[in-house]
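Chains A and B supply the protein sequences, listed in that same order. Using this note's numbering, read the first sequence as starting at 34 and increasing by one per residue. Using this note's numbering, read the second sequence as starting at -18 and increasing by one per residue.
These are calculated hints, taken from the structure and not from any lab test. Certain hints may be false.
[Claimed, not checked] Where chain A lies over chain B, by a calculated footprint (3+ residues, C-beta under 8 Å):
(1) 34 to 42
(2) 57 to 64
(3) 103 to 115
Virtual Cβ for every residue (Gly too), placed ideally from N, Cα, C.
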Amino acid sequence: MRVVRDTWLIFQQEAGLMVRNPVMVAFSLAQPITYLVLFAPFLKVVMVDRGASTYADAYRIYVPGLFVAMGLFGGLFAGYGLLSALRAGIIERCRVTPVSRTALLLGRALMHVCLNVVQAVVITLVALPFGLRVHLANLLVSYALLAVMVLLSTSISYDIALLVRNENSLGVLVNTVGQPISLLAGVLIPLVLAPMWIQRAALWNPFAWATDGMRALFAGQILQTVVWQGALIMTGLAAASLFWSSHLFNREVS
Amino acid sequence: MIEATGLRKSFRVGRGRGAGTVEAVRGVDFAVRRGEIVGFLGPNGAGKSTTLRMLATLLRPSGGAATIAGVDLLRSPAQVRHRIGFVAQASGTYDDSTARRDLILQARMHGRSKGVAQELAAAAIRAFQLDDFADRRIRTYSGGQRRRLDVALGVIHSPQVMFLDEPTAGLDPPSRARMWQEVRRLREDGMTIFLTTHYLDEADSLCDRVSIIDAGRIVAEGTPSALKREISGDVVAIDFAAADLADPAGGGLPAATKVLAEAPYVRGSEPVDGALRLYVDSAATAIPQIMRALYDRGIEPGAIETRRPSLDDVFLAKTGRSLEE
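Bound conformation, chain B alone (with noise of 0.2 Å):
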């Protein structure tokens, strides 16, 4: 449905002697299946956003090639806007415009005659159940009231690609889980669905297949099971914020990085935001070796926990980042 090959996006930035060229994209491919949930997973600033404004016919892009739903992007942009639906970060609608007022125009724009434009909207507010609010101002509308308003404009002339960006960035836990299931629900309607996010949770639980992407190269891809099985054996992260807290000059987390990085059940770390992230290949096993060996140096831990790798690990393992941070 979707296939890139090489896409890349330069910018130019300042002006006379300060001007430069930054590199947003730097040349990605990648392909999204019929019906696919796929998702961009990176940090804020790592292409993921520019790359989907492409698809999104929003930006020319500065070389490569895509073809979505089988038209050339390049050649027809007028066409792609036929066949795919986006929603942005930003919202995009009019404080003092409705729920309704909006869909129907948007449907006009889409070439739809009055009539049609009507039951269209009419049909849209009844399925994201907007009918409580429809013909209220939008300035009224809650946080996620106005994301479902967003989603439903995406997607009035039933796109068979709908790209979205950040859906569910602002939003409360509850309104998250019903945006995760609205977008679930239009896959089930045929929709093939492109989106990017900096949850790690979003990533996981919504998507089909997870692409990393970091300073405009994607970095890995793979089914969020997959991706988290590269990074086999459990993960051990021992806290030392709170203990350097009370005692700045103890040091625990350079101390403990040093003891533990060389041990031989220890295949790799990193200290990340104070604490100190350890891959091993079973905690069961090592939790007793790594007590020991601090305990030994009279180095002392605020807290230990143990867990299953998160696309984060992979993103760390990656990177030498975290996405967290």
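So that you can see chain A by itself, here it is in the shape it has in the complex (with noise of 0.2 Å):
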């Protein structure tokens, strides 16, 4: 299949070209460090009352939570790549040869998500030596939600940058949309300490769905309804947008 080759390509080309920058790699793991080592203890104190007596509790309950913020995060900056890439003519170049259209999207996008998978597994490495235990199989399929979830705000940011065609705009834009929907997610702290209204709003945020998901399996509860429930939703959207940006992106540009 064409598409899957040419997807490939890019993806090789665009991860290629991120490794020649390690120094940019290790800065955008700064962030998530820092809060991990410098939040995630405020946790325990809060949610004493709710079952979180040790820091391994605290770190179970914060870790997915960062998951979450990165997927969101991490994926809705992809826009500024291809703005840039747009600029220089990258690709304009690509148009013109017989590449699939679709590959060039998607190439970039994949290379976004193993990237914030990457991220997650240092992420986790850094948390064992605070106490975080979590069973392998659930880890594993927390990347993969974290990967879908990437997938759906790298797509998101695609679909801002290729309407907006600014960076200052997609800036702007990104950042209004992007905290509310961590807050009213519960990245930082779980919506079980919000207020009524906030939880109900919450119902409304597919983010709040994946960061519930994403707890249940650290919490080691792969069964629970709310993991696919995360998952069908997150997957959902993620083809939605994707095809809405790849249409986005064939659509004629001047």
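Got two chains here, separate frames each, mind docking them using the hints?
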């Protein structure tokens, strides 16, 4: 299949360029690690009435939330890369070749997926000495859920980038959209601590479902309905959003 | 090799009430034969790039038809892409990549296997003399090196037709001369080349044939020498810029225009950039008469220059404006 081959080709190119900039990759890990070390301990105090009596408990609650935050923001800023590639004429050069149009977008999106999963692995390793314990199978499922999430947030970012076509508007929009979504998903502090009206509003936030699913996985409850509900919601939205971004991308650009 | 009839492109601009359409290309017809170098010459915004981008399958024409290497552009753009190469005005390479990486990727995007792509990249590096810097980051390349890489990328799959958008814009004179050499070499390899330029000398010395385009229409077409022959005789340019600067009230240019435009030995005149351009049958006989006419009215010219007509004179004659403005 041409699409698969070309997607792999573009993925390799993008990933290769990312590897050539190891400093950038290291810096992108600085923020999640800061939160991991300096924020997660707060949860032990805050959640003490809700069964978080040890650091292990706190990290079991916080790490899945951090994954969702990384999945959300890691993808939402992907549009910058697309805009700079468009501006530099790289996309145009590719479009004059017979390469699959879908692959030009999908290969880039998958690079972000891969990058975020690698970061999640590093975060997991860093959290281990703090007492995080999670079943390997559940951990792998949570990485898969993270991957779908990044695919969704990346394609949302591409949608916005292709519509506004300018970095400043993209930055403003991404922050305006990203902040409420992440807070309403309980990525920092679980929604059980939130007032009722916020909990009700969060029912409409797909990322809140994903966070619940992610936390259930880390709690060892892989069979909870919220796991497959969260996964299903993310997969459906990712498919829809990807379809739309490839439509926007393939549309004639001037 | 390329045949276009009535090719048009209009863009919608603005939103709501202020919305309107801009006619970027208003129906152009032209044909390019196998092995020719044909150039579109015109000022910025004339529709050169838009035409090129339509032919390179990047923009969908609003009307008209075109055949490239025997393939219908509108019906099978995917087939056209196998047969063409395109070098855009913007570089189109990653700063952090290297020439070799990008060349291999380009060949692979054209469907070549990994092994073949590596060989093609190595061959292109030799042919375009990129050896010294092929494995360095592209951000370290000079303008000319970058441009050579751009062309190498465009021809990695040995296309039949090559499109070059302003191939030498912004290059220093030695790099430009080198790029011209490369373009001629591609033609010797059997490629048909279609380029845009706003440089007169480039159109004149590189192109077999030139189409002069202005405001979305082709206003003249032919070999550079045939186009210049249309402007028979000589050009006499009288410069008033310096004289008028010293004495702003003098108004040498308007006065001279008034005197000389009606003179029997002047066939045409255009004021350009503080100078007056006169088209005469013979500069040798016209200059003494011009001098006498000016002195009789007490007009002091800054400098007088005479030369053979250039493509700019052709452009001026067809559009009433100068390309160099």
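Cross-check of the supplied hints:
no.: 1; hint: 34 to 42; verdict: holds (count 5)
no.: 2; hint: 57 to 64; verdict: holds (count 3)
no.: 3; hint: 103 to 115; verdict: violated (count 0)
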